[in-house]
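Engineer: With the sequences and hints as input, model every part of the structure.
Adding 22 to a residue's 1-based position in the sequence shown gives its number in our numbering.
Check each hint, because a few of them may be wrong.
What the hints assert, rightly or not - Below, in silico cross-link-like pairs of lysine-lysine (BS3-like), each with a Cα-Cα straight-line distance of 27 Å or less:
(1) K209 x K162
(2) K246 x K198
(3) K146 x K115
(4) K209 x K255
(5) K110 x K146
(6) K122 x K110
(7) K162 x K189
(8) K115 x K101
(9) K189 x K110
Said to hold, decoys possible - Here are the computed distance ranges between Cβ atoms for each label pair:
(10) P257 x D148: 15 to 25 Å
(11) P61 x L171: 23 to 33 Å
(12) G116 x A181: 15 to 25 Å
(13) S267 x E147: 48 to 58 Å
(14) M64 x E250: 21 to 31 Å
Hint data in this document are derived by calculation from the structure and do not stem from the laboratory. Even for Gly, the Cβ is constructed at its ideal location relative to N, Cα and C.
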Amino acid sequence: MSSKEANPEDMDDVKNSEVRHSRYQKLKHWFGSFKEPNPEDMDDLNNSEGFYLMPSNGSVRVGRLIRIKNPMAHSFKGKRAAEYAVAKYNEEKGQMGMLKYERIIYINVELGAGETYYITMEVKEDSGRISQYQAKIWEKLDDGGYEVLIFRRAPYCMAFSDRRTPKSLCMLSDLKPWMDESYLYYKCFYRYREELVGIKVIRCECTRRYTATLWLRTRGEGEKILQEYRGKKMPLTNNYYQFESSYDMS
23 MSSKEANPED MDDVKNSEVR HSRYQKLKHW FGSFKEPNPE DMDDLNNSEG
73 FYLMPSNGSV RVGRLIRIKN PMAHSFKGKR AAEYAVAKYN EEKGQMGMLK
123 YERIIYINVE LGAGETYYIT MEVKEDSGRI SQYQAKIWEK LDDGGYEVLI
173 FRRAPYCMAF SDRRTPKSLC MLSDLKPWMD ESYLYYKCFY RYREELVGIK
223 VIRCECTRRY TATLWLRTRG EGEKILQEYR GKKMPLTNNY YQFESSYDMS
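Structural biologist: Given below as structure tokens:
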């Protein structure tokens, strides 16, 4: 039986397959097993500019971006990048904005020429208030340096200067422990993002009761949200929206 000569293109396919397999094994070592992405995951990424993916029982990979199940698994590299972003902000703002890094809440990692981190973190502002900030940071492949592409207060985190803006608020009750501000903003009330001034989840660990306050920009929006969402299922859960009340703050 005559042996078939190896086709150079076939050899390239084998080599590329081995490279992909090797990289997958490395990713599996770093991040654990991957959950198959939900069809809505890409919408979540687009709506949040890469900062949000639904929580899951494993790391989620959508394209080149990975949602890390446990931020502590990537804590050293993520923490170093986050601290750099905060220091860069302080350097640029001077005395106008002295922030202090506290901890990482979420971290998504995009693989490419280097790694790009999409980090949601807690930061202490100069007033002593803890706020959530988002940072998109590129770690360069050649020298390991950083470039901060986005640094901002999270869109659902109300600034102190905005406290006089809201005209009404809604109280949302009976949340699951994992339902946080990101989930409520990007999955539940994203269509009202122009009206939302802020969202705050209140956790009472002693009673295991989790509620949220939604601050809205205009009068009447609180009642509108109650009418549209009350009694409906929350995204990708068996939970139903349950509102305690709506207040007119005018």
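Engineer: Quick one: which hint numbers does this structure break? Sort them smallest to largest.
Structural biologist: 1, 7, 9, 10, 13
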